[in-house]
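Visitor: Construct the complete structure from the given sequences, taking the supplied hints into account.
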Amino acid sequence: MTSRNHPPEHPDIDALKSRALNLRRLMLDMASGKGEGYIAQGLGIADCLAALYFHELRYDPATPKWQDRDRFILSTGHYAIAMYAVLAEAGYLSVRELASYGLNGSHLPMSTFDDTPGVEMVGGSLGHGLGQSVGMAIGLRLDGSPARVFNELSDGELQEGSTWEAAMSAATFKLDSLVAIIDCNGIQADGPVTVKIDPVADKFVAFGWEAVEIDGNDMQAIVMALANARQPNGKPKAIVLRTTPGKGVPTLERRERAHFVRVANDEWDALKAELETHHG
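All the letters of the sequence shown, read from the start, carry residue numbers 1 to 280 under the working numbering.
Be a bit skeptical, because a hint or two may be false.
Computed cross-link-like contacts, DSSO-like style, restricted to lysine-lysine with a CA-CA straight-line distance of at most 30 Å [to be verified]:
1) Lys65 - Lys235
2) Lys235 - Lys203
3) Lys203 - Lys34
4) Lys34 - Lys17
5) Lys235 - Lys196
6) Lys17 - Lys174
7) Lys65 - Lys174
8) Lys174 - Lys196
9) Lys17 - Lys65
10) Lys272 - Lys235
11) Lys174 - Lys235
Beta-carbon label-pair distances, calculated as ranges [as the list claims (entries may be wrong)]:
12) Asp143 - Val195: 25 to 31 Å
13) Gly33 - Thr277: 19 to 25 Å
14) Asp202 - Pro232: 20 to 26 Å
15) Arg4 - Ala99: 27 to 33 Å
16) His6 - Asp143: 32 to 38 Å
I should point out that these hints are in silico values taken from the structure, not numbers from a laboratory. Backbone N, C-alpha and C define an ideal beta-carbon position, used for all residues, glycine too.
Guide: Dropping the structure here:
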């Protein structure tokens, strides 16, 4: 698959929903038998990744280092399961390779490494993605490249001072090629996000950005927000996603501690059946 062209004017929303469903299938297959993992976040972000990779981003899996590719920076490295799913669906990885996810010596660890084709940044230590994205956007501008930079980060990372330093820098340098996609799912490692981070969109506006808040599991809303973020008006763009951890699998949606989910081996078939039953 090659996607070097600009996004079509009229996206096929149903096709993008089908892509998101398949990403969720791939994630459940990857996690099956592992007993535990960061599956809930991946299921929650699947709609956004489908919209990005199969409508918005310009890339070429046959040439992963194509100079003018759009950069997608996954700051939350523990969302790797979702990243590998979309990279396989986009043609960077083989679907067969996904079975090695999280195993010792695997090319696909539970938190991203940048030696995996299509992965731009080592994730894991949170709070660094936006700063690296700012640097990439500045470098691409200096090179005269038309490429854009999309940075997924989490609501938990909004507690990091480095994130807001990067936000100020992006506005100062008028990086309108930069889009921050903030996954506000309300969870972090030890429970719910309790630090007062809202109103997130208003805070980014106060820092000189354009910002919008949407339902992060509404494909139409995601596509519209990405389209609006293309405007070259001298301001970086922030899209605040309100996502549901475990989206598409009601049993996982109801889990109170959803950051690192533990699943018994005999539960996986039931979870996969739930996905097929409830995806519509």
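Visitor: Decide, hint by hint, whether the structure agrees.
Guide: Status of each hint after checking the structure:
| no. | hint | verdict |
| --- | --- | --- |
| 1 | Lys65 - Lys235 | holds (27 Å) |
| 2 | Lys235 - Lys203 | holds (14 Å) |
| 3 | Lys203 - Lys34 | violated (39 Å) |
| 4 | Lys34 - Lys17 | holds (27 Å) |
| 5 | Lys235 - Lys196 | holds (25 Å) |
| 6 | Lys17 - Lys174 | violated (33 Å) |
| 7 | Lys65 - Lys174 | holds (26 Å) |
| 8 | Lys174 - Lys196 | holds (27 Å) |
| 9 | Lys17 - Lys65 | holds (28 Å) |
| 10 | Lys272 - Lys235 | violated (42 Å) |
| 11 | Lys174 - Lys235 | holds (5 Å) |
| 12 | Asp143 - Val195: 25 to 31 Å | violated (38 Å) |
| 13 | Gly33 - Thr277: 19 to 25 Å | holds (22 Å) |
| 14 | Asp202 - Pro232: 20 to 26 Å | holds (23 Å) |
| 15 | Arg4 - Ala99: 27 to 33 Å | holds (30 Å) |
| 16 | His6 - Asp143: 32 to 38 Å | violated (19 Å) |
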